[in-house]
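**Student:** These protein sequence lines map, in sequence, to chains P and C.
Residue numbers 8 to 388, in our numbering, belong to the letters of the first sequence in order.
Residue numbers 8 to 388, in our numbering, belong to the letters of the second sequence in order.
Bear in mind the hints are in silico, worked out from the structure with no lab data behind them.
Take these hints with a grain of salt, some might be off.
Identical chains blur together in the list; that is why a pair holds if it fits in one copy or across any two.
Once the Cα atoms are required to be at most 20 Å apart in a straight line, the calculated SDA-like pairs of lysine to any residue come out as [claimed, not checked]:
(1) Lys306 <-> Arg184
(2) Lys306 <-> Gly89
(3) Lys15 <-> Glu353
(4) Lys227 <-> Ile13
(5) Lys52 <-> Arg314
(6) Lys9 <-> Tyr371
Protein chains: 2
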Amino acid sequence: MKAIEIHKNDGAARLGTLLTGHGNVDTPVFMPVGTQGIVKAMTHKELQEIGVTMILANAYHLYLRPGDELIRRMGGIHTFSGWDGAILTDSGGYQIFSLGVLREIKEDGVLFQSHIDGSRHFLTPEKMTKVQENIGADIAMCLDECAPYPSSYEYTNNSVELTSRWAGRCKEAKSQRQQMLFGIVQGGFYKDLRLKSAQELLEMGFDGYAIGGLSVGEPKSLMWDMVDTVIDLLPHEKPRYMMGVGMPEDILDGVARGIDMFDCIIPTRLARNGSLFTWSGRINLKNARFTEDAGPIDKACSCYTCRTFSRAYLRHLLVSHELTSFYLNTIHNVFFYVEFMKRIREAIRKGSFETFYHNFITKYEGGEFNDNDERSVCNGY
Amino acid sequence: MKAIEIHKNDGAARLGTLLTGHGNVDTPVFMPVGTQGIVKAMTHKELQEIGVTMILANAYHLYLRPGDELIRRMGGIHTFSGWDGAILTDSGGYQIFSLGVLREIKEDGVLFQSHIDGSRHFLTPEKMTKVQENIGADIAMCLDECAPYPSSYEYTNNSVELTSRWAGRCKEAKSQRQQMLFGIVQGGFYKDLRLKSAQELLEMGFDGYAIGGLSVGEPKSLMWDMVDTVIDLLPHEKPRYMMGVGMPEDILDGVARGIDMFDCIIPTRLARNGSLFTWSGRINLKNARFTEDAGPIDKACSCYTCRTFSRAYLRHLLVSHELTSFYLNTIHNVFFYVEFMKRIREAIRKGSFETFYHNFITKYEGGEFNDNDERSVCNGY
Numbered sequence: 008m009k010a011i012e013i014h015k016n017d018g019a020a021r022l023g024t025l026l027t028g029h030g031n032v033d034t035p036v037f038m039p040v041g042t043q044g045i046v047k048a049m050t051h052k053e054l055q056e057i058g059v060t061m062i063l064a065n066a067y068h069l070y071l072r073p074g075d076e077l078i079r080r081m082g083g084i085h086t087f088s089g090w091d092g093a094i095l096t097d098s099g100g101y102q103i104f105s106l107g108v109l110r111e112i113k114e115d116g117v118l119f120q121s122h123i124d125g126s127r128h129f130l131t132p133e134k135m136t137k138v139q140e141n142i143g144a145d146i147a148m149c150l151d152e153c154a155p156y157p158s159s160y161e162y163t164n165n166s167v168e169l170t171s172r173w174a175g176r177c178k179e180a181k182s183q184r185q186q187m188l189f190g191i192v193q194g195g196f197y198k199d200l201r202l203k204s205a206q207e208l209l210e211m212g213f214d215g216y217a218i219g220g221l222s223v224g225e226p227k228s229l230m231w232d233m234v235d236t237v238i239d240l241l242p243h244e245k246p247r248y249m250m251g252v253g254m255p256e257d258i259l260d261g262v263a264r265g266i267d268m269f270d271c272i273i274p275t276r277l278a279r280n281g282s283l284f285t286w287s288g289r290i291n292l293k294n295a296r297f298t299e300d301a302g303p304i305d306k307a308c309s310c311y312t313c314r315t316f317s318r319a320y321l322r323h324l325l326v327s328h329e330l331t332s333f334y335l336n337t338i339h340n341v342f343f344y345v346e347f348m349k350r351i352r353e354a355i356r357k358g359s360f361e362t363f364y365h366n367f368i369t370k371y372e373g374g375e376f377n378d379n380d381e382r383s384v385c386n387g388y
Numbered sequence: 008m009k010a011i012e013i014h015k016n017d018g019a020a021r022l023g024t025l026l027t028g029h030g031n032v033d034t035p036v037f038m039p040v041g042t043q044g045i046v047k048a049m050t051h052k053e054l055q056e057i058g059v060t061m062i063l064a065n066a067y068h069l070y071l072r073p074g075d076e077l078i079r080r081m082g083g084i085h086t087f088s089g090w091d092g093a094i095l096t097d098s099g100g101y102q103i104f105s106l107g108v109l110r111e112i113k114e115d116g117v118l119f120q121s122h123i124d125g126s127r128h129f130l131t132p133e134k135m136t137k138v139q140e141n142i143g144a145d146i147a148m149c150l151d152e153c154a155p156y157p158s159s160y161e162y163t164n165n166s167v168e169l170t171s172r173w174a175g176r177c178k179e180a181k182s183q184r185q186q187m188l189f190g191i192v193q194g195g196f197y198k199d200l201r202l203k204s205a206q207e208l209l210e211m212g213f214d215g216y217a218i219g220g221l222s223v224g225e226p227k228s229l230m231w232d233m234v235d236t237v238i239d240l241l242p243h244e245k246p247r248y249m250m251g252v253g254m255p256e257d258i259l260d261g262v263a264r265g266i267d268m269f270d271c272i273i274p275t276r277l278a279r280n281g282s283l284f285t286w287s288g289r290i291n292l293k294n295a296r297f298t299e300d301a302g303p304i305d306k307a308c309s310c311y312t313c314r315t316f317s318r319a320y321l322r323h324l325l326v327s328h329e330l331t332s333f334y335l336n337t338i339h340n341v342f343f344y345v346e347f348m349k350r351i352r353e354a355i356r357k358g359s360f361e362t363f364y365h366n367f368i369t370k371y372e373g374g375e376f377n378d379n380d381e382r383s384v385c386n387g388y
């Protein structure tokens, strides 16, 4: 089935529409992470008001709790969670390797213990395909092995070959036509292994292609080397998804290379820590200079939080550990990302993406604020 | 200044309008607790949509952090917090005695250490009047001593006399005309001391009268004995406020006796624990029987949470410790309380409060659910 329509190119940047069973999604798109089918500290109605059209849920977490069979019995993740926009489920490969304990990778699948209750599970490509079909998101991902950084050439090569065999088994196991299945390009930080991974997946043919295993602690230049290595191989007529990325500057660099889809825990997690995005850089609300600051987080922002609350009061809520602080800060950061993606799409539409890119970076990095101090390792939730 | 207009009596129950500098408030009213000027796990816009017109903030907490002087400089609590409905500040007497450490009560005031940073503070009636004027709520409360339960007659008598002297000093210290000041009737669980306290406050004259020191662990019958002892003494033309109460059944019993105002942490705190009010009794969402329950919390409820989410999904969010769970459950419980108070007022308007009372209790206590297992000690936040 056709997964994306590309309306316009501006350099390598693409303006498109992702076609899902739960609405059309303008691309490039950023998917906030809603591990359990809901974005942390947000309600669906708030997300919809902000303009979020697609979220990412996690098959590993949902498989462990409440269980994919329960979700199937309850009518699938859309009915169960009440979110009727588009949903993509990450297969959970990354989580098995980052959260699971006692993990043991075999040809057939991966054995691990739950981070919740220590129970043992053996997940195969067939099983994770079934799990994701039970969950019933619009897009499912192949089970992959996300090699740690750094990994040796030999380890990574074996990992790529295993990931390819698993991808083939996922495709073979797929029984539903309405759910799209994306392959995930791995290969660590070896160009030839990235190429090999991409080529093997392309031969099998998927509805879309993700680039995985990035933003795991490596230097940025290395990350972009890997994207540059494979991006032109990925078919123009299919969606391209850069997993677990990213920061606004990373999204710009990804869009510039022709990526259509992004996800990252950054805007929601940083919000809960009081680190807030503005068009003039990121601010840390804990900073004492905001104690009596009557202005909004960002004068240039029209989100509910900025229309209603001062930095001083938001800082007070944060340092007082008030729950509402999480909500108000998350509203702001998600709004910022939605607005940011809108402006990116508008720039591509006008053929002025490069200008937008430079204007944004100049203002963002040279702005009033320079609290852009957090590491930009984005993966992991 | 005139604080309340009474439109109708139905037995002792009163239908009225509390007149505040931030809007008219229909009474009987329940004030959700917003210690820091915001109700925990709620946004102002959600509260407004639900129909909340008045909240309770806490002078003790705001004095310690961010400080009343800061709030004054920021334009007062309405401007600072962004809540433009009515606000009442509890003086913090109860909190000083329940949260403060090393407290020492002297004739002049009370010495205690902050529960936040251990700093020492000496608060006098004059100081707490000034603090509340700086905070700038619509209604301030006298600083009182809330005697522990149980307390001896002698202790309680001394406490009543001190509370009366402090109330006189609060009134004397009051410098703002736009802020109302309420006296607090104490007297523990001794009828003659309750009468003495009420009479002494009445002689001084306040804008309204609260009954304090109730719902602190005593048997319900004793609590109502104390209310019955003083309620007829309290002037008909002034607001009557039962502090830290209560559960729905307590509110009915209070309204039946002529109380106009209530506050309690119960609906918001229980919500965060997954204990939810329905017209058929309270349910505990953690209960395994809701694991695959596709119905709403309460079929008879039209709140956002009930319109959108199943018990099964809300249970999943709760057991997964998702932040949104706090938010969705709080929306439901606060909506229930607002709707409950609306129906109480409607019943008084129609002269059918007694019928409403009995119908409610019959359905609530005999309903589908019987998870009404939590202790109804309501005070303390």
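**Student:** Determine for every hint whether it applies to the structure shown.
**Tutor:** Consistency of the hints with the structure:
Within a single copy, Lys306 and Arg184 get their C-alpha atoms no closer than 47 Å, and across copies no closer than 36 Å, so neither meets the 20 Å cut-off. For the homomeric pair Lys306 and Gly89, the shortest alpha-carbon distance between copies (16 Å) is at most 20 Å, but the shortest distance inside one copy (33 Å) is not. Proximity of Lys15 and Glu353 under a CA criterion of 20 Å is satisfied intra-copy only: 11 Å inside one chain copy versus 60 Å between copies. For the identical chains of this complex, Lys227 and Ile13 are neighbours neither inside a copy (28 Å) nor across copies (69 Å), given an alpha-carbon limit of 20 Å.
In this homomeric assembly, Lys52 and Arg314 come within 20 Å of each other (Cα to Cα) both inside a single copy, at 18 Å, and across copies, at 11 Å. Taking identical chains as interchangeable, the C-alpha atoms of Lys9 and Tyr371 are never at most 20 Å apart, the minima being 37 Å within one chain and 54 Å between chains.
Hints 1, 4 and 6 from the earlier list are contradicted by this structure; the remaining hints agree with it.
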